[in-house]
Amino acid sequence: MKSIKKILEQKRLIRPVLVLLIGVTWIGVMLGACKPEENNQEPEPSGSTPLAWKKPANFPDPVYNLTKNPLTEEGVALGKFLFYDGILSSNQIIGCGTCHQQQSAFTHHGHELSHGVNDQLGRRNSPSIQNVAWNPAFFWDGGVFDMDFVPFNPIENPVEMGETVNHVLEKLRNTPDKSAKVQVDYPKMFKAAFGTPEITTERMMKALSQFMTTMVSAESRYDKFALGDVTALSTEEKEGLKLFRQNCGSCHEGELFTNFSFRNNGLAPLKADDQGRYEVTKSEADKYKFKVPSLRNISFTAPYMHDGRYKTLGEVMEHYTDKVINSETLDPLLRAGGKPGLNLSETEKESIIAFLRTLSDDNFIKNKSFSDPGIGNAL
Amino acid sequence: MKKLVYFYLLLMVVSLLVVACKDDSDEIKDPGLVAGKGKFLLQFDNVVGKQDLVLDNKTYTNSLGESLTISRFNYFVSNIKLLREDGQSYTIPQDSSYFRIVESDPKSQILSLNNLPDGNYSGIEYIIGVDSLRSVSGIEKRGGALDPSGEMSGDGMYWAWNSGYIFLKLEGASPQSSASNGKFYYHIGLFGGFNQKTVNNIKTVKIDFGGSRAIVKGDSIPSVKLYADVEKVYNGPNPISFDKNPSIMADPVLSVGVANNYKSMFSFGELKQNSQAK
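Chains as they are written, first to last, in this note's numbering: chain A, 1 to 379; chain B, 1 to 278.
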């Protein structure tokens with residue numbers, strides 16, 4: 001008897017609780033109903049396979065907005081084909097991978113300036129494509145500030161790929177092309193990546209960005225050291241790191257080894273009189289300034305500087321100690337002492353170079369997932 | 001107990017009334033009017049002085065006495081706002097408010113503005129070019145007229161090397177041109193810079209319909225023709241010499257001069273009512 005009474009008592013307690021619960025839920029529903037449609041720009045689910053992407057532990061957060069272009073296996077695979085395929089150029093030969101080759105950390109090894117369609121020469125050294133998801137500015141002059149807008153530049157430059165994006169889209173729509181070296185069915189690949197076979201500017205650029213986002217280099221010996229393995233660097237390399245931070249670290253800052261600022265590092269202008277950042281901003285203060293490049297994988301990316309004038313790291317160090325030219329816009333950090341340039345002994349320079357070599361990431365230049373799927377032309 | 005239940009029922013009904021969703025998107029876009037079902041046709045007629053512009057086959061003369069033929073004349077019209085006689089205005093939702101007027105493409109010269117609130121409209125306001133926000137927005141916001149895939153050396157209006165749009169493009173040939181090919185190229189853009197201030201050549205235009213009223217109401221569809229006078233581009237307050245400057249693009253002084261010329265190239269032409277009524 002007692003237990004039944006207890007149950008009844010409990011029931012009486014439950015009812016108001018239940019009513020209260022319904023009430024709270026109702027209010028919750030009401031509030032939820034009026035939420036603005038968030039992320040209405042988010043791409044529709046395409047049926048493709050999401051790709052887990054993790055930033056390296058010692059890196060800051062990426063700049064590229066991955067929520068607007070979530071990586072998928074199919075999207076990255078498509079981006080890789082587009083990256084290497086000469087279909088992006090007017091002569092069907094020059095792909096992105098022609099001037100950005102993996103074994104030289106996606107630069108054009110041995111080329112001070114790259115040659116595009118019809119052997120025409122560009123005017124600046126091909127920059128490395130690595131860790132670009134962290135880039136707030138692209139190209140030596142920072143004329144582009146969003147990765148999705150990078151490919152327009154080489155594709156439409158008459159001395160690089162000499163094409164128009166419109167025509168590339170048309171060519172892609174007409175694949176598989178029987179006359180092509182390798183048969184690629186792009187409408188099928190776009191469908192796998194984006195849900196329908198439609199080939200648009202946005203999709204093409206997003207696929208390329210997806211692939212480029214995966215091109216992360218963060219497994220050098222320096223990274224092991226940065227993550228706590230003190231034995232990863234030798235005594236000389238550690239000394240080099242210390243000197244590097246003191247003398248070079250204000251520009252080649254942080255784990256990306258650049259702060260993406262634009263600086264005049266005292267290179268004497270060549271015949272072409274490339275004025276760098278000034279061409280974009282037209283501000284006198286920007287004359288002869290160029291974007292500070294990352295120094296990761298620098299052992300693989302010779303020649304150096306925006307015009308590829310230096311072949312070795314020794315020459316680069318010699319520039320900073322002995323060859324810096326004074327001018328109105330020379331970086332103040334390079335004229336702190338009596339004469340322009342850095343004050344470093346031969347031994348110190350050697351230590352810095354020894355350290356710089358620890359930024360080499362063998363996995364990055366060998367990783368098959370970044371390699372030419374058999375469609376490219378390395379010239 | 002029952003009281004509690006009634007109390008809750010009452011609360012639910014009240015909350016339904018109070019919290020009922022209101023669509024505030026239009027309020028953000030324009031404080032004045034909200035969308036309706038009206039339609040408005042806007043036609044851009046490119047002229048040289050008082051004559052219709054003829055590409056390639058007609059020779060014109062600038063105020064400096066240099067002769068020219070025109071091969072290309074394109075410009076962006078965006079962020080359109082219709083002004084009503086009662087002082088209120090209606091801003092076309094931004095995503096549907098970018099138009100690339102291309103002289104060689106007559107279809108591009110007639111803009112159909114839809115979903116307008118009824119009213120008597122007395123004027124129009126718009127930007128020549130693309131606003132700075134849209135000039136830096138993500139690629140998913142660059143469809144239609146803003147698609148950057150167009151040919152730079154053709155009718156394309158996107159600058160790949162210095163990311164942004166060309167607001168106005170005028171090309172042609174002149175025997176006085178000092179360019180090796182005898183041509184001239186005026187590509188005027190620059191939205192003020194992404195993270196560093198640059199020249200801002202965005203110009204806002206306000207055109208009055210000359211005292212007449214464009215009536216938007218039900219089947220009543222007004223059609224307004226605006227003239228764009230190419231002569232103003234090279235004969236404005238900063239006359240262009242094909243000899244001295246056969247090419248003006250990103251120059252911070254010359255481009256501003258041209259933009260200040262063309263900001264007054266538009267004028268009211270004519271208004272027709274019901275031209276497209278069913």
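Just to be clear, a hint being listed does not mean it is correct.
As the list claims (entries may be wrong) - Pulled a few chain B residues facing chain A out of the computed Cβ check, cut under 8 Å:
| # | residue |
| --- | --- |
| 1 | D105 |
| 2 | S108 |
| 3 | G138 |
| 4 | G144 |
| 5 | P148 |
| 6 | N195 |
| 7 | V199 |
| 8 | E231 |
| 9 | P252 |
| 10 | S264 |
| 11 | F268 |
Claimed, not checked - Within a straight-line C-alpha distance of at most 25 Å, the following computed BS3-like cross-link-like pairs (lysine-lysine) qualify:
| # | chain 1 | residue 1 | chain 2 | residue 2 |
| --- | --- | --- | --- | --- |
| 12 | B | K203 | A | K282 |
| 13 | A | K171 | B | K141 |
| 14 | B | K183 | B | K58 |
| 15 | B | K263 | B | K81 |
| 16 | B | K263 | B | K225 |
| 17 | A | K271 | A | K323 |
| 18 | A | K339 | A | K323 |
| 19 | A | K271 | A | K287 |
| 20 | B | K197 | A | K287 |
| 21 | A | K282 | B | K107 |
| 22 | A | K282 | B | K197 |
| 23 | B | K141 | A | K68 |
| 24 | A | K54 | A | K368 |
| 25 | B | K244 | B | K58 |
| 26 | B | K81 | A | K282 |
| 27 | B | K197 | B | K107 |
| 28 | B | K81 | B | K58 |
| 29 | A | K191 | B | K141 |
Simulated from the structure, these hints should not be mistaken for lab results. By construction, the Cβ of each residue, glycine as well, lies at the ideal position given by its N, Cα and C atoms.
These are the hints, each one checked on the structure:
Taking 8 Å as the C-beta contact cut-off toward chain A, the hint placing B:D105 at the interface is violated, the least distance being around 14 Å. Here the hint on B:S108 is broken, as its CB sits about 16 Å from the closest CB of chain A, past 8 Å. The restraint placing B:G138 at the interface with chain A holds, with a minimum CB-CB distance near 6 Å, inside the 8 Å limit. At about 11 Å, the closest approach between the beta carbon of B:G144 and any beta carbon in chain A exceeds 8 Å, and the interface hint on this residue is violated.
Among the interface hints, the one on B:P148 holds; its C-beta lies about 6 Å from the nearest C-beta in chain A, closer than the 8 Å criterion. The beta carbon of B:N195 is positioned within 8 Å of a beta carbon in chain A (closest approach about 7 Å), and the interface hint is therefore held. About 7 Å separates the beta-carbon of B:V199 from the nearest beta-carbon of chain A, less than 8 Å, and the hint is met. Residue-level restraint check for B:E231 is violated (minimum Cβ-Cβ distance to chain A is 28 Å; threshold 8 Å).
The closest approach between the C-beta of B:P252 and any C-beta of chain A is roughly 4 Å, which is under the 8 Å cut-off, so the hint is satisfied. At about 24 Å, the closest approach between the beta carbon of B:S264 and any beta carbon in chain A exceeds 8 Å, and the interface hint on this residue is violated. Checking B:F268 against chain A: minimum C-beta separation of about 35 Å lies over 8 Å; hint violated. For the proposed pair B:K203 and A:K282, the alpha carbon gap of about 20 Å is at most 25 Å, so the pair holds.
For the hint pairing A:K171 with B:K141, the CA-to-CA distance comes to about 24 Å; that is within 25 Å, so the pair holds. Pair hint B:K183 plus B:K58 holds up; C-alpha atoms about 15 Å apart against a cutoff of 25 Å. Restraint check for B:K263 and B:K81: the C-alpha separation of about 17 Å stays at or below 25 Å, so the hint holds. For the hint pairing B:K263 with B:K225, the CA-to-CA distance comes to about 17 Å; that is within 25 Å, so the pair holds.
The hinted pair formed by A:K271 and A:K323 meets the criterion: a straight-line CA distance of about 17 Å does not exceed 25 Å. Proposed proximity of A:K339 and A:K323 is supported: the alpha carbons are some 10 Å apart, at most 25 Å. Of the supplied pair hints, the one linking A:K271 and A:K287 holds, its CA atoms being roughly 15 Å apart against a limit of 25 Å. For the given pair, B:K197 sits about 15 Å from A:K287 by alpha-carbon distance, which is consistent with the 25 Å threshold.
About 37 Å separates the Cα atoms of A:K282 and B:K107, which puts this hinted pair outside 25 Å; it is violated. At most 25 Å may separate the alpha-carbon atoms for a hinted pair to count; A:K282 and B:K197 meet this at roughly 10 Å. With a C-alpha separation of about 11 Å, the suggested pairing of B:K141 with A:K68 holds against the 25 Å cut-off. For the suggested pair A:K54 and A:K368, the alpha carbons sit about 18 Å apart, so the restraint of at most 25 Å is met.
For the hint pairing B:K244 with B:K58, the CA-to-CA distance comes to about 22 Å; that is within 25 Å, so the pair holds. A threshold of 25 Å between alpha carbons decides the hint, and for B:K81 with A:K282 the separation of about 33 Å lies outside it, so the pair is violated. Taking the CA atoms of B:K197 and B:K107, the gap is near 36 Å; set against the 25 Å cutoff, the hint is violated. A hinted pair counts as satisfied when its Cα atoms are at most 25 Å apart, and B:K81 with B:K58 does not qualify at roughly 35 Å.
For the given pair, A:K191 sits about 21 Å from B:K141 by alpha-carbon distance, which is consistent with the 25 Å threshold.
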